[in-house]
Amino acid sequence: MLENYLPIVVFIAVGMVIGVAPIVLGKLLGPNKPNTAKLSPYECGFEAFEDARAQFDVRFYLVAILFIIFDLEIAFLFPWAVVFQQLGWPAIFAMGVFLLLLTVGFIYEWKKGALEWE
Amino acid sequence: MDLELIKTIGWILVKIVAIIVPVILTIVYLMYFERKVIGFMQARVGPNRVGYRGLLQPWADGIKLLFKEVLVPSSSNKYLFIVAPMITMAAAMAAWAVVPFGTGLVLANINAGVLYILAVMSLGVYGVIIAGWASNSKYAFLGALRCSAQMISYEIAMGFALVGVLMAAGSLNLTEIVMAQQGGFWHWYWIPLLPLFVVHWVSSVAETNRAPFDIAEGESEIVAGFHVEYSGMAFAVFFLAEYANMILLALLAAIFYMGGWLSPFEGIPYLGQWFAFVPGPIWLILKTCLFLFLYLWFRATFPRFRYDQVMRLGWKVYIPVTLVWIVVVALLVQFKIGPWFS
Numbered sequence: 001m002l003e004n005y006l007p008i009v010v011f012i013a014v015g016m017v018i019g020v021a022p023i024v025l026g027k028l029l030g031p032n033k034p035n036t037a038k039l040s041p042y043e044c045g046f047e048a049f050e051d052a053r054a055q056f057d058v059r060f061y062l063v064a065i066l067f068i069i070f071d072l073e074i075a076f077l078f079p080w081a082v083v084f085q086q087l088g089w090p091a092i093f094a095m096g097v098f099l100l101l102l103t104v105g106f107i108y109e110w111k112k113g114a115l116e117w118e
Numbered sequence: 001m002d003l004e005l006i007k008t009i010g011w012i013l014v015k016i017v018a019i020i021v022p023v024i025l026t027i028v029y030l031m032y033f034e035r036k037v038i039g040f041m042q043a044r045v046g047p048n049r050v051g052y053r054g055l056l057q058p059w060a061d062g063i064k065l066l067f068k069e070v071l072v073p074s075s076s077n078k079y080l081f082i083v084a085p086m087i088t089m090a091a092a093m094a095a096w097a098v099v100p101f102g103t104g105l106v107l108a109n110i111n112a113g114v115l116y117i118l119a120v121m122s123l124g125v126y127g128v129i130i131a132g133w134a135s136n137s138k139y140a141f142l143g144a145l146r147c148s149a150q151m152i153s154y155e156i157a158m159g160f161a162l163v164g165v166l167m168a169a170g171s172l173n174l175t176e177i178v179m180a181q182q183g184g185f186w187h188w189y190w191i192p193l194l195p196l197f198v199v200h201w202v203s204s205v206a207e208t209n210r211a212p213f214d215i216a217e218g219e220s221e222i223v224a225g226f227h228v229e230y231s232g233m234a235f236a237v238f239f240l241a242e243y244a245n246m247i248l249l250a251l252l253a254a255i256f257y258m259g260g261w262l263s264p265f266e267g268i269p270y271l272g273q274w275f276a277f278v279p280g281p282i283w284l285i286l287k288t289c290l291f292l293f294l295y296l297w298f299r300a301t302f303p304r305f306r307y308d309q310v311m312r313l314g315w316k317v318y319i320p321v322t323l324v325w326i327v328v329v330a331l332l333v334q335f336k337i338g339p340w341f342s
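Protein chains in written order, with my numbering: chain F, 1 to 118; chain R, 1 to 342.
Among the hints, a few may not be true.
[What the hints assert, rightly or not] Which bits of chain F does chain R cover? Going by a derived footprint, with three or more residues having C-beta under 8 Å, they are:
#, segment
1, 3–14
2, 74–87
[Stated by the list, open to error] DSSO-like mimics (lysine-lysine), calculated; alpha carbons at most 30 Å apart, straight line:
#, chain 1, residue 1, chain 2, residue 2
3, F, Lys112, R, Lys316
4, F, Lys27, R, Lys316
5, R, Lys78, F, Lys38
6, R, Lys68, F, Lys33
7, R, Lys316, F, Lys33
8, F, Lys33, R, Lys64
9, F, Lys27, F, Lys38
10, F, Lys38, R, Lys316
11, R, Lys78, R, Lys68
12, R, Lys64, F, Lys27
13, R, Lys78, R, Lys64
14, F, Lys27, R, Lys68
15, F, Lys38, R, Lys64
16, R, Lys316, F, Lys111
Quick caveat, the hints were computed from the structure, so don't treat them as lab data. Yeah, the Cβ is synthetic: ideal placement off N, Cα and C, and Gly gets one too.
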């Protein structure tokens with residue numbers, strides 16, 4: 001059972017090598033002549049006005065929070081989806097109640113305008 | 001370390017090379033065909049100077065990038081800046097471990113295949129957001145924010161679409177999902193799961209930040225988005241990872257909805273027998289190419305979405321559609337509606 005996962009571990013290691021190798025090669029083979037202008041952040045030729053890590057829109061946080069809720073919902077649906085054929089109607093009704101509750105929440109956040117990006 | 005283990009790992013490495021080399025060749029020629037196909041759609045010829053009909057163009061581009069300077073901006077977080085493309089590439093590659101190419105032609109035939117792919121694909125968003133944050137540049141930061149918000153939004157739509165597939169197939173194993181679609185192309189899941197198929201495919205385009213969902217790199221406003229500060233090979237790695245993800249998602253669309261390596265002529269008198277000699281992986285490659293062509297076709301056809309339109313499509317159209325269709329699939333399966341669920 002667990003030995004099925006050995007190829008995956010090796011594959012992940014190979015994937016890392018494929019990610020690291022080109023960059024190391026590029027560092028070794030490419031020229032290395034930095035100067036201040038090259039190393040400053042790109043802002044269409046101007047000096048950078050201020051730090052880039054400024055305030056940003058709170059809606060990005062909102063999307064991230066909603067994502068967590070819905071992703072948990074998916075994580076909950078996955079095992080159910082695999083076995084619901086064997087479990088029959090009780091499983092369908094149970095999941096129906098769960099989805100209904102989440103849909104009510106979804107409608108609420110929709111009406112509240114959490115999904116608006118004018 | 002005993003000899004047996006070293007032998008096993010050596011054999012695994014051979015198989016991994018047999019998967020990764022074709023994938024990398026496909027990435028290289030997908031770039032070539034992208035420029036060629038879009039060229040023809042715009043009544044140009046595309047690259048035709050380097051090698052016969054420009055076939056060596058992607059290699060020339062790669063070698064050029066290899067000999068360019070890898071700059072690390074002085075105000076960036078240097079380690080994170082270099083690690084970000086590596087994460088993106090490792091995640092884009094690792095997903096291939098569980099992809100089946102035919103009956104039994106799979107490196108790791110694990111029971112949680114779909115779960116693994118979904119988990120590894122979600123890791124891609126870390127590369128994006130770390131790159132954007134570590135660059136300490138306004139364009140990169142804005143691009144990373146937009147890109148990550150878009151990717152997680154469409155991941156939900158895609159996850160819900162996958163729930164439909166799992167309900168229909170009753171398994172998380174990719175090989176079993178294909179085998180559940182046996183019996184001719186009208187048994188493939190694109191018919192009973194048509195809305196989910198459309199949602200899944202459009203989400204695949206949005207997940208990879210391809211046109212018309214490429215606001216993350218919108219060159220007319222934020223120049224190149226999260227990878228604006230990257231140069232040389234560090235940039236090339238992001239680029240390669242994007243194409244690896246495109247190929248992976250095209251392949252997954254073929255596996256989940258188009259019967260994977262099953263012949264489209266299966267179960268049809270005469271045609272079925274005439275094409276019976278074609279090995280399964282050929283069909284899978286043809287179906288994948290069809291989806292890859294759709295990527296290029298979309299890019300040549302559609303103008304870029306606005307950000308509010310992207311978010312509205314993901315949250316207000318796709319999530320409700322998939323929620324409704326999950327209920328429909330549950331009823332279809334429960335009442336054993338044929339020919340799919342008998």
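Mind listing which of the numbered hints don't hold for this structure, in increasing order? Per hint list: 4, 7 and 10 violated.
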